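Q: Going line by line, the protein sequences match chains D and L. Following this note's numbering, the numbering of the first sequence begins with 1 at its first residue and continues without gaps. Following this note's numbering, the numbering of the second sequence begins with 1 at its first residue and continues without gaps.
In case anyone wonders, no lab produced these hints; they're calculated from the structure.
Note that the list lumps identical chains together, so a pair holds whenever it fits in one copy or between two copies.
Below are the PhoX-like pairs computed for lysine-lysine, each with C-alpha atoms no more than 25 Å apart in a straight line: (1) K606 with K343; (2) K606 with K616; (3) K504 with K606; (4) K343 with K597; (5) K606 with K522; (6) K23 with K102; (7) K469 with K33; (8) K488 with K606.
Quick caveat: nothing in here was measured; it's all calculated off a predicted structure.
The primary structure of each chain is shown beneath.
2 protein chains.
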Amino acid sequence: MAVNNIWKGTTMEKYTGEQNSFKNITITGGFWKKKQDLFRGVTMEAVYDRFEETGRFEALKFNWKEGMPNRPHIFWESDVTKWIEGAAYFLQKRRDPLLEEKIDELVGRMERAQEENGYLNAYFTVVEPEARFTRRTDHELYSAGHLIEGAIAYAQATGKNALLRVAVTYADLIDRVFRIEHSAGFDTPGHEEIELALMKLYRYTGEERYKALAEYFINTRGTSERDETYSFTDQEHMQSHLPVRKQLTAEGHSVRALYLYSGMADLAKENKEEDLAGVCEALFDNIVNQRMYITGGVGSTHRGESFSFDYDLPEYTAYNETCASIALALFARRMWLIEADGKYADAAEQAIYNTVLGGISISGDSFFYENPMSVDPRRNAFNDSRPEGLKEHLPILERAKVFGCSCCPPNLLRFVGSIADFMYATSGSTVFTHCYMNGTGTVSIGGREILLEQKTEYPYEGDVQILVKTAGTFTIALRIPGWASAEKAELTVNGEKIVCAPVKGYVYVDRSFAQGDCIHVKLPLETRIVEANPRVSDLCGRAAVVRGPIVFCAEGIDNAYLLRDVRIQRESAVNLERETIGGMEIPVLTMKAWKRKESAVLYSDKPYGEEETQLKLIPYFAWANRGVSEMTTWFLQKDGTGCG
Amino acid sequence: MAVNNIWKGTTMEKYTGEQNSFKNITITGGFWKKKQDLFRGVTMEAVYDRFEETGRFEALKFNWKEGMPNRPHIFWESDVTKWIEGAAYFLQKRRDPLLEEKIDELVGRMERAQEENGYLNAYFTVVEPEARFTRRTDHELYSAGHLIEGAIAYAQATGKNALLRVAVTYADLIDRVFRIEHSAGFDTPGHEEIELALMKLYRYTGEERYKALAEYFINTRGTSERDETYSFTDQEHMQSHLPVRKQLTAEGHSVRALYLYSGMADLAKENKEEDLAGVCEALFDNIVNQRMYITGGVGSTHRGESFSFDYDLPEYTAYNETCASIALALFARRMWLIEADGKYADAAEQAIYNTVLGGISISGDSFFYENPMSVDPRRNAFNDSRPEGLKEHLPILERAKVFGCSCCPPNLLRFVGSIADFMYATSGSTVFTHCYMNGTGTVSIGGREILLEQKTEYPYEGDVQILVKTAGTFTIALRIPGWASAEKAELTVNGEKIVCAPVKGYVYVDRSFAQGDCIHVKLPLETRIVEANPRVSDLCGRAAVVRGPIVFCAEGIDNAYLLRDVRIQRESAVNLERETIGGMEIPVLTMKAWKRKESAVLYSDKPYGEEETQLKLIPYFAWANRGVSEMTTWFLQKDGTGCG
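If we strip away everything but chain D, and leave its shape as in the complex, we get (with noise of 0.2 Å):
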């Protein structure tokens, strides 16, 4: 059998990646169908709810006036519209007209407070008009981003157009004030998401002046002296203090960050601007191999919300708000449409299924913002009794259904609602597979079409069928991930073996497809110790245990004991079992652990003695649903050194 694993090449002339829509797919099983069904079942009108009752829809009223409740805040309309972009790619899968009639509404309001001259903004225009465009500080272009991505999505999904000319009004009112006459207060948006809004309504409408507008964003960012910043901060935080093609490590404010560099990835891969591209990446490696995670977490602290140095990832105060690993995962994709390499494919989904997912109940209707490794409840029972000029900060031990900033709510259910975005992109003949999941669609091809069925339990389990649909000679590269040994992933067509030899993850099946091809690839979904690089001293003499793109960890509630000081050995065998927990099925692992007895005394030069135990592990994302409990990821190794 015929097998050319040909390296494509990476240059932008020879690699040309192009997204594959979520549009064009649909989740047909596994465990995304179970999550979009969730999130379209109770999410999404939890988040409604949630803001309809904290006067977020009302605000779009713009009747505010002093002394009424619910004062418009600077961002608002942002987690409206981001919730509008949700709803959207749901209904881009199924129509809906009483969801639409809701959404209706709020465009008819929209677009009834939106000015003559394009300008929409409650806050500056009921609390502080005067004060419109002046402060860079103050999030208007952020949601004038988000605007933007929600009328696209809601105009794509419905053929409906009225929050989408409110979104183009806006966008051109920007563009003038901002790129054309320079007649705003500042020249760049101190919370960065418009950059990417702009290249995606480029995109849509085909209009330049988008582009010119997000390339004005992206190339004064770090040279203006209009420039502010918040009074507290530094012009790192806002990803201002070197113009961006000097920026090559990950610095200040996570989620900002990510959407920078999301947008720079659009603009470097719309431009062929290859030394862009190396920027991004650049940025891109330092984030995964000195400022990640192993949850695919980042944004190390809450001061600042923010990156902080290489290898610094403290335990139980690392911030990794839920938004930061979304805008990585979107980040990622961007990249793997520069460069055909599967360490972006292994970030994305470090970050998707660990912590994105875990920002949210298994029930669907609550959230973490914040994201940490490890919870004491001690430690968070201390700093609830103490008072206020006295606490430190900390994770909440439970999800909330709504905060006072709730980003992230919205941004998940825009996030899951268009989950197929991470399956496919092409290449020139080349269909990449980059995130494994059950569902069926077509990806095009030189004008075709070419229909693909995916059949998997992934990431619960490595098995993952693809059957090809429409015949055709063209590459299927599979991606392999990091985490998979490629001696032990078995790969075949139609049954035939095909040798796994990965370039950059990628095995590249080029053939002449029958209708009805099957291939079949067979992750090897062992469970692995991780240690993390010495450097990290937060975790020196620590392991996690995963599986697959899974990190699992341990809650009290399940292992009646000191979970900090408890043991594990790198050769215990691991099992696996199913179990329910608020009514969604997870994959449990049990192992045999030690810990040391436990003792009056505080310092002692005899050891406590060791006891064998058993540790239960349940996957990351599923911790906190089941009452307050010690949580950790890292785990002692029995034979400390853990060097083998």
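Given the coordinates of chain D, work out where chain L should sit on it, guided by the hints.
A: Below, chain L alone, put in the same frame as chain D:
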């Protein structure tokens, strides 16, 4: 040979511990002679000069006016009188006209500044006279306490009573205002200290009213509705959340707490109040069994400079104020007058030989206020690079010459000046040898002065010789430290072996001593590998290296690799040598250790690989004397569990 290990009983009727003052003892050599020479030769003047430069002495002229530099601070007098107290302890041993001239000048200023009614506080005279005795949070009584202690010390050393008159007059005013008239704006001090000072004044003058006032302050604490706290904190911060007799855990600001407990112990002892003594013991036990670092550091959080919760002993953010460990030693010294239990001297030595001495540089002129267990200069560098609003609180990496709040430097001076207070105590016809030091002097038994000469290089060596220079029948209770294996300790009298079977830490040698009898204590000064209780989550998997009372640490300057990742083995041979740092000879340990290989990979399911290396350790108190580098006290264990 007759040896009676008689348990002398702990009830306050049977056991009547009496302090043997440092005044009776001269430190003649060994560890403390060098320290006292340094403090007399360098520290005393260095602290004086810094206080001079910062206006603390000028402020005593009480002529500051708005617009002038160096506005007096609410507790500047306490810095001055604590320095006088320290200087007086050295004068006690050797008069010095030039030094006394300096002190007399300061005393003169205070005499002239004191008001007719006795009031004395620069801030509340020249800055806010109207607020006098109205703000509990503002340290007036704390300063008065230190004035009393300084005045007694100076009077005892020189026979000059001018400062004592000032102190007594002020104490009388405080007695009237607080105890008799209740005319102040609050009832008990926000920062304790005066309680123990009043007990000292009572003992020195014999005036019952000072004890009554101490008693009033102690008994009223936690019962008054007029006792406010800082707006940012709570009553726990000032140990006012409960009546003191109901306080069984150490809470709030650690220095305040330990000064209070010291005063409570004084009162319990004086009044033979067993209930109060029991409370003191419960507080002590809570500290040493749940809340104390291995270095005798206490007050684990900078938030409120306070105790936190049981087993919360973080390494990098350990606050461990130098003054808190001094106060812990002072409290322990009072407790051994209530109960003959070696746990008190054990804790005192843990504090003294680690955190207290770590609070000052080997050069004698620079100080730490905070004493962390580990430092990572990368973390400090990142933090230093951040804008003010995003900084975290981190301990400094190099000792400072003076602080805005510079309580620790003069506290060290007075503490080291009177260190021989820790040598002996008596009860009936028993002499207790608590902390071994090289010194000669008398203890009083039944009105008879017994001359004892102690020769030792403790804590660097375990041999102690005690020469009885006065014949008589009495008991010498020899402390066998908790860390010492009684089986390996050797005791002889004139070469004849005594069974070492300590009762609560003491071996009672009861006999008719002839002049010249020589007691020889040989303590097994082995290097010990010490683990912390499994509940100390920050220390799970780690061990400390301890020799006698001295905790060792490793610095980057001696060990060119990642200290956090180094692993030691309980069984390793430890090599002991002497090395000179900044003119001071210190013991240095070297032992085999292991570390993982460096790597570019952030996470790996394959072991990073192990290398053998040498670990060089110095006493914790000697760290940060050779520039900035990484430091750690707790090392990973090669054999994971360390469970033997």
